[in-house]
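Asker: Sequence:
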Amino acid sequence: MNEIIARIMTKKPGVGEMDISAAEEKLGAAFPVQFHQLYKLVNNAEIGEWLLFPIKDRKNVKKTWDDIVRQNIEARKEGLAEGWVVVGEDGTGDKLCLKTSNGLMEQEIYIWYHEDGVAEQIAPSLKELIILLTED
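Numbering-wise, my numbering puts 640 at position 33 of the sequence shown, and it's gapless, one number per residue.
These aren't lab readings, by the way, just hints derived from the structure by calculation. Honestly, I wouldn't trust all of these hints.
[To be verified] Heads up, simulated EDC-like pairs for lysine to aspartate or glutamate below, C-alpha to C-alpha not over 20 angstroms straight-line:
hint, residue 1, residue 2
1, Lys618, Asp673
2, Lys619, Asp673
3, Lys618, Glu656
4, Lys734, Glu715
5, Lys706, Glu685
6, Lys633, Asp673
7, Lys633, Glu685
8, Lys633, Glu713
9, Lys684, Asp697
10, Lys684, Glu722
11, Lys647, Glu735
12, Lys666, Glu632
13, Lys619, Glu653
14, Lys619, Asp697
15, Lys618, Glu742
16, Lys618, Glu653
17, Lys734, Glu696
18, Lys684, Asp701
19, Lys706, Glu722
20, Lys734, Glu656
21, Lys633, Glu689
22, Lys619, Glu656
23, Lys734, Asp697
24, Lys706, Glu727
25, Lys706, Glu735
26, Lys706, Glu681
27, Lys647, Asp673
28, Lys684, Glu696
29, Lys706, Asp723
30, Lys633, Glu681
31, Lys647, Glu632
32, Lys684, Asp673
33, Lys706, Glu689
34, Lys684, Asp723
35, Lys734, Glu653
36, Lys734, Glu713
37, Lys647, Glu624
[What the hints assert, rightly or not] Simulated restraints on C-beta separations:
hint, residue 1, residue 2, range
38, Gly710, Thr741, 27 to 33 angstroms
39, Ser628, Leu740, 25 to 31 angstroms
40, Trp672, Asn709, 29 to 35 angstroms
If you're wondering where the values come from, they're calculated on a predicted model, not measured in any experiment. C-beta: ideal position from N, C-alpha, C; glycine also.
Turn these sequences into a full structure, and let the hints steer you where they fit.
Answerer: As structure tokens, then:
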């Protein structure tokens, strides 16, 4: 994962295991391994035009108030179906999402188009998404 971190524009400090676990509990599903690793290294990562939602950091609550849990509550109000977790946005209202199954988030990444509620797979994993969005 470290070789991929060099491709990420933001270098905000990561969060600890307790903060990740608290977010997973509130979201009702555990992150895929690559997301877990990324959040430990970088919180609120910017990848191309996409910004991953931060995990609330107990050490820096003011800068992480608009966290992934709050974003999922708002996305549900916009029509995001159960069984999905939003993990990022591009500023247009479209969201990056992960499917959930049996208390786990799957590693495939989708774009959820807010205007019609359709989701389309764009990458098989976080690593592949980062490569796709940062290649010249």
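Asker: All the hints need checking, so say for each whether the structure fits it.
Answerer: Hint by hint, here is what the structure shows:
1. For the suggested pair lysine 618 and aspartate 673, the alpha carbons sit about 18 angstroms apart, so the restraint of at most 20 angstroms is met.
2. For the hint pairing lysine 619 with aspartate 673, the CA-to-CA distance comes to about 15 angstroms; that is within 20 angstroms, so the pair holds.
3. Taken as a hint, the lysine 618 and glutamate 656 pair is honoured in the structure, with Cα atoms around 15 angstroms apart against an allowance of 20 angstroms.
4. Under the criterion of a C-alpha separation no larger than 20 angstroms, the hint pairing lysine 734 with glutamate 715 is consistent with the structure, at around 10 angstroms.
5. Straight-line distance between C-alpha atoms of lysine 706 and glutamate 685 comes to about 17 angstroms, which keeps the hinted pair within the 20 angstroms bound.
6. In summary, the hint linking lysine 633 to aspartate 673 is supported, as the alpha carbons are separated by about 14 angstroms, within the 20 angstroms threshold.
7. Restraint check for lysine 633 and glutamate 685: the C-alpha separation of about 19 angstroms stays at or below 20 angstroms, so the hint holds.
8. Using a Cα cut-off of 20 angstroms, the hinted pair lysine 633 and glutamate 713 holds, with the two alpha carbons roughly 17 angstroms apart.
9. Distance restraint check for lysine 684 and aspartate 697: the Cα-Cα separation of roughly 18 angstroms lies within the 20 angstroms cut-off, and the hinted pair is therefore satisfied.
10. For the hint linking lysine 684 to glutamate 722, the alpha-carbon distance of about 13 angstroms falls within 20 angstroms, and the restraint holds.
11. As the CA atoms of lysine 647 and glutamate 735 are separated by approximately 19 angstroms, the hinted pair is consistent with the 20 angstroms bound.
12. The hinted pair formed by lysine 666 and glutamate 632 meets the criterion: a straight-line CA distance of about 19 angstroms does not exceed 20 angstroms.
13. With a C-alpha separation of about 10 angstroms, the suggested pair lysine 619 and glutamate 653 falls inside the 20 angstroms cut-off, and the hint holds.
14. About 18 angstroms separates the Cα atoms of lysine 619 and aspartate 697, which keeps this hinted pair within 20 angstroms; it holds.
15. A hinted pair counts as satisfied when its Cα atoms are at most 20 angstroms apart, and lysine 618 with glutamate 742 qualifies at roughly 18 angstroms.
16. At roughly 9 angstroms between alpha-carbon atoms, lysine 618 and glutamate 653 fall within 20 angstroms of each other, so this suggested pair holds.
17. Distance restraint check for lysine 734 and glutamate 696: the Cα-Cα separation of roughly 17 angstroms lies within the 20 angstroms cut-off, and the hinted pair is therefore satisfied.
18. In summary, the hint linking lysine 684 to aspartate 701 is supported, as the alpha carbons are separated by about 14 angstroms, within the 20 angstroms threshold.
19. Taken as a hint, the lysine 706 and glutamate 722 pair is honoured in the structure, with Cα atoms around 19 angstroms apart against an allowance of 20 angstroms.
20. Of the supplied pair hints, the one linking lysine 734 and glutamate 656 holds, its CA atoms being roughly 16 angstroms apart against a limit of 20 angstroms.
21. Of the supplied pair hints, the one linking lysine 633 and glutamate 689 holds, its CA atoms being roughly 14 angstroms apart against a limit of 20 angstroms.
22. Distance hint between lysine 619 and glutamate 656 is fulfilled; the C-alpha atoms sit about 17 angstroms from each other, no more than 20 angstroms.
23. The hinted pair formed by lysine 734 and aspartate 697 meets the criterion: a straight-line CA distance of about 18 angstroms does not exceed 20 angstroms.
24. A threshold of 20 angstroms between alpha carbons decides the hint, and for lysine 706 with glutamate 727 the separation of about 11 angstroms falls inside it, so the pair holds.
25. Taking the CA atoms of lysine 706 and glutamate 735, the gap is about 17 angstroms. The hint holds against a cut of 20 angstroms.
26. Of the pairs offered as hints, the one joining lysine 706 and glutamate 681 holds, with about 17 angstroms between alpha carbons and a cut-off of 20 angstroms not exceeded.
27. The hinted pair formed by lysine 647 and aspartate 673 meets the criterion: a straight-line CA distance of about 18 angstroms does not exceed 20 angstroms.
28. This hinted pair checks out: lysine 684 and glutamate 696 have alpha carbons roughly 16 angstroms apart, not beyond 20 angstroms.
29. At roughly 18 angstroms between alpha-carbon atoms, lysine 706 and aspartate 723 fall within 20 angstroms of each other, so this suggested pair holds.
30. Of the pairs offered as hints, the one joining lysine 633 and glutamate 681 holds, with about 14 angstroms between alpha carbons and a cut-off of 20 angstroms not exceeded.
31. The hinted pair formed by lysine 647 and glutamate 632 meets the criterion: a straight-line CA distance of about 17 angstroms does not exceed 20 angstroms.
32. Between lysine 684 and aspartate 673, the direct Cα distance comes to roughly 16 angstroms. Compliance with the 20 angstroms bound is thereby established for this hinted pair.
33. A threshold of 20 angstroms between alpha carbons decides the hint, and for lysine 706 with glutamate 689 the separation of about 9 angstroms falls inside it, so the pair holds.
34. Taking the CA atoms of lysine 684 and aspartate 723, the gap is about 14 angstroms. The hint holds against a cut of 20 angstroms.
35. Between the alpha carbons of lysine 734 and glutamate 653 the distance comes to roughly 14 angstroms, so the proposed pair stays at or under 20 angstroms and holds.
36. Restraint check for lysine 734 and glutamate 713: the C-alpha separation of about 14 angstroms stays at or below 20 angstroms, so the hint holds.
37. With a C-alpha separation of about 7 angstroms, the suggested pairing of lysine 647 with glutamate 624 holds against the 20 angstroms cut-off.
38. Take glycine 710 and threonine 741: their Cβ atoms lie about 31 angstroms apart, and the range 27 to 33 angstroms holds.
39. Between serine 628 and leucine 740 the beta carbon distance is about 28 angstroms. The supplied range of 25 to 31 angstroms therefore holds.
40. Checked against the given bound of 29 to 35 angstroms, the beta carbons of tryptophan 672 and asparagine 709, roughly 30 angstroms apart, stay inside it.
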